[in-house]
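Novice: The opening position of the sequence shown corresponds to residue 471 in our numbering, with each subsequent residue numbered one higher.
Fair warning: there could be bad hints in the mix.
To be verified - Listed next, with one range per pair, are the computed distances between beta-carbon atoms:
1. R543 to E768: 49 to 55 Å
2. S646 to R534: 23 to 29 Å
3. L907 to K855: 36 to 42 Å
4. Q625 to F521: 25 to 31 Å
5. W618 to K793: 27 to 33 Å
6. S754 to K707: 25 to 31 Å
7. F776 to S634: 51 to 57 Å
Unchecked claim - Straight-line alpha carbon distances no greater than 27 Å define the calculated DSSO-like cross-link-like pairs of lysine-lysine that follow:
8. K628 to K604
9. K855 to K824
10. K824 to K860
11. K855 to K793
12. K793 to K707
13. K860 to K793
14. K890 to K860
15. K554 to K604
16. K860 to K484
17. K604 to K484
18. K824 to K793
19. K824 to K707
20. K628 to K554
21. K890 to K855
22. K484 to K890
23. K554 to K484
24. K904 to K890
None of these hints come from the bench; they were simulated from the model. Computed from a predicted model, the values in this text were never measured in an experiment. Here a beta-carbon is modelled for each residue, glycine too, at the ideal position from N, C-alpha and C.
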Amino acid sequence: MLRRIGLSNFKCWKELDIELAPITLLFGANSSGKSAILQSLMMLKQTAQSFDPGQHINFGGTERDYVDLGSYRDLANEHDTECKLGVRLTWDSSRSGTSITRHDDGSVDIREYTFQSIEYDVVLGLDTAVYIEKLRYDTEFVDASPEWIDVRRAQENKYRWTSSYSKHREDQSAVSSPTRCYILPWEITSRPPSAVWDSSSLLAGEFVRLFDSVEYLGPLRIRPQRFYLWTGTNPDKINSDGANAIEALIASSRSHEVLANRVASGITGMALVDAFCIRTINESRGLYEVTATIGGVESSLSDVGFGVSQILPVITMLMFVPKGSIILLEQPELHLHPNAQAALADLMLDVAEKRNLQLIVESHSEHIVRRLQRRIAEASPAFAKPENIKMYYCQPGEGGATIDEVVVDRFGQIVDWPEKFMGDISGDLHTMLKAALERRSQELERVGSGS
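Throw the hints in and build the complete structure from the sequences for me.
Specialist: In structure tokens:
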């Protein structure tokens with residue numbers, strides 16, 4: 471699970487450093503930096519999965535990429551190509567390793583550790599190529615003593631490195647360039663275990679595994695179809711526009727897996743439909759129909775409210791991804807009635823606990839906030855507690871975007887309501903009451919004067 475994310479000079483973020491939780495909600499005005507936080511993670515995912523071993527960082531632009539961030543100038547804060555872009559991540563590792571240190575007297579220390587964080591900076595070179603300026607890994611040992619490796623660019627294609635194992639502040643020899651933002655130079659990973667971590671070559675693998683667990687669903691989900699053609703494929707992931715969600719459900723229903731039933735329970739549990747069904751129209755041609763029953767009437771998915779088809783990929787992804795996955799969601803509440811938005815908050819709590827999912831969600835929904843506040847106050851489910859739910863409010867500004875944590879106490883109360891959070895609800899209520907009282911007073915005066 472991701473624990474922290476930090477950004478420097480990344481789009482509208484001059485600086486960002488926030489703690490993440492099993493459920494992290496990002497709120498704010500348009501163009502306030504919410505999507506940029508998710509985009510930074512998708513940039514790292516497509517870098518980890520890039521076929522080009524010489525590409526330090528993948529800004530995207532091809533069909534197989536998740537996000538297209540344009541050029542360095544497009545991405546840099548205030549389009550300043552002289553600034554350094556920085557990303558810092560801290561996470562709970564899914565694996566542990568063993569460090570073996572051999573001393574001059576022949577003794578050996580063996581310690582267990584987990585990979586914990588990565589930090590890197592990238593710069594734009596004079597030849598318009600993007601280079602790694604800094605790459606650092608930290609680990610956490612069971613005895614709480616941190617270990618680290620730090621690689622910094624000294625000159626063109628030459629880097630110097632230091633580590634917690636180094637006898638001097640700087641290693642005497644220069645090493646080659648990291649091939650990507652997360653891969654240590656080969657001169658480091660090929661050194662004996664006594665010099666660096668015994669499993670230093672696994673650092674890059676740990677980074678790749680982390681981002682293999684990251685999935686993304688965007689705000690623009692594909693429109694429903696009247697009929698679906700299934701060619702026999704079984705998707706291994708849900709596309710960012712949800713286009714293959716029905717395909718995954720058809721494959722599940724044919725193989726007697728539980729996915730289709732879970733999704734049906736999820737969508738009926740939100741009281742959007744009374745029943746949800748995938749029906750075979752022509753098996754030999756792979757033709758299927760998806761129907762929803764509302765008020766006793768069964769209809770094609772394309773004939774019911776748009777909110778049903780838009781939430782379907784969201785529910786499918788929550789039920790489809792492996793346990794322990796990290797899901798990035800943009801505006802999952804689109805086209806949903808307020809009651810359904812509140813029910814979505816309950817579903818998020820359920821999958822975060824029972825499926826061990828981490829959800830990082832960009833949203834504008836006051837109803838999701840209110841339902842989570844209510845569940846925290848009720849302490850039901852027990853998982854609904856402040857340490858498992860983080861909320862942030864982003865705002866644009868002349869000096870770059872700013873972010874404030876929306877702190878919710880154990881009674882479900884927002885401790886310090888940020889200005890303009892969820893619009894100006896309190897201001898509107900105050901103005902409405904004031905206007906109503908003034909108008910009532912004027913009416914009474916007219917009645918009293920007989921006019």
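Novice: Evaluate each hint against the coordinates.
Specialist: Against the structure, the hints:
1. R543 to E768: 49 to 55 Å: holds (54 Å)
2. S646 to R534: 23 to 29 Å: This hint holds: roughly 28 Å between Cβ atoms.
3. L907 to K855: 36 to 42 Å: holds (40 Å)
4. Q625 to F521: 25 to 31 Å: holds (29 Å)
5. W618 to K793: 27 to 33 Å: holds (31 Å)
6. S754 to K707: 25 to 31 Å: holds (28 Å)
7. F776 to S634: 51 to 57 Å: holds (55 Å)
8. K628 to K604: Holds: K628 and K604 sit about 12 Å apart, inside 27 Å.
9. K855 to K824: holds (15 Å)
10. K824 to K860: holds (18 Å)
11. K855 to K793: holds (21 Å)
12. K793 to K707: It holds: about 13 Å lies between the C-alpha atoms, which stays within 27 Å.
13. K860 to K793: Cα-Cα ~21 Å, so holds.
14. K890 to K860: Holds, at roughly 18 Å.
15. K554 to K604: holds (10 Å)
16. K860 to K484: Distance of about 22 Å is within 27 Å: holds.
17. K604 to K484: Holds. K604 to K484 sits at ~18 Å (cutoff 27 Å).
18. K824 to K793: holds (9 Å)
19. K824 to K707: Holds, because 20 Å separates the two Cα atoms, which is no more than 27 Å.
20. K628 to K554: Holds. K628 to K554 sits at ~18 Å (cutoff 27 Å).
21. K890 to K855: Holds. K890 to K855 sits at ~25 Å (cutoff 27 Å).
22. K484 to K890: The given pair, whose Cα atoms are some 22 Å apart, holds under the 27 Å limit.
23. K554 to K484: Holds. K554 to K484 sits at ~10 Å (cutoff 27 Å).
24. K904 to K890: It holds: about 19 Å lies between the C-alpha atoms, which stays within 27 Å.
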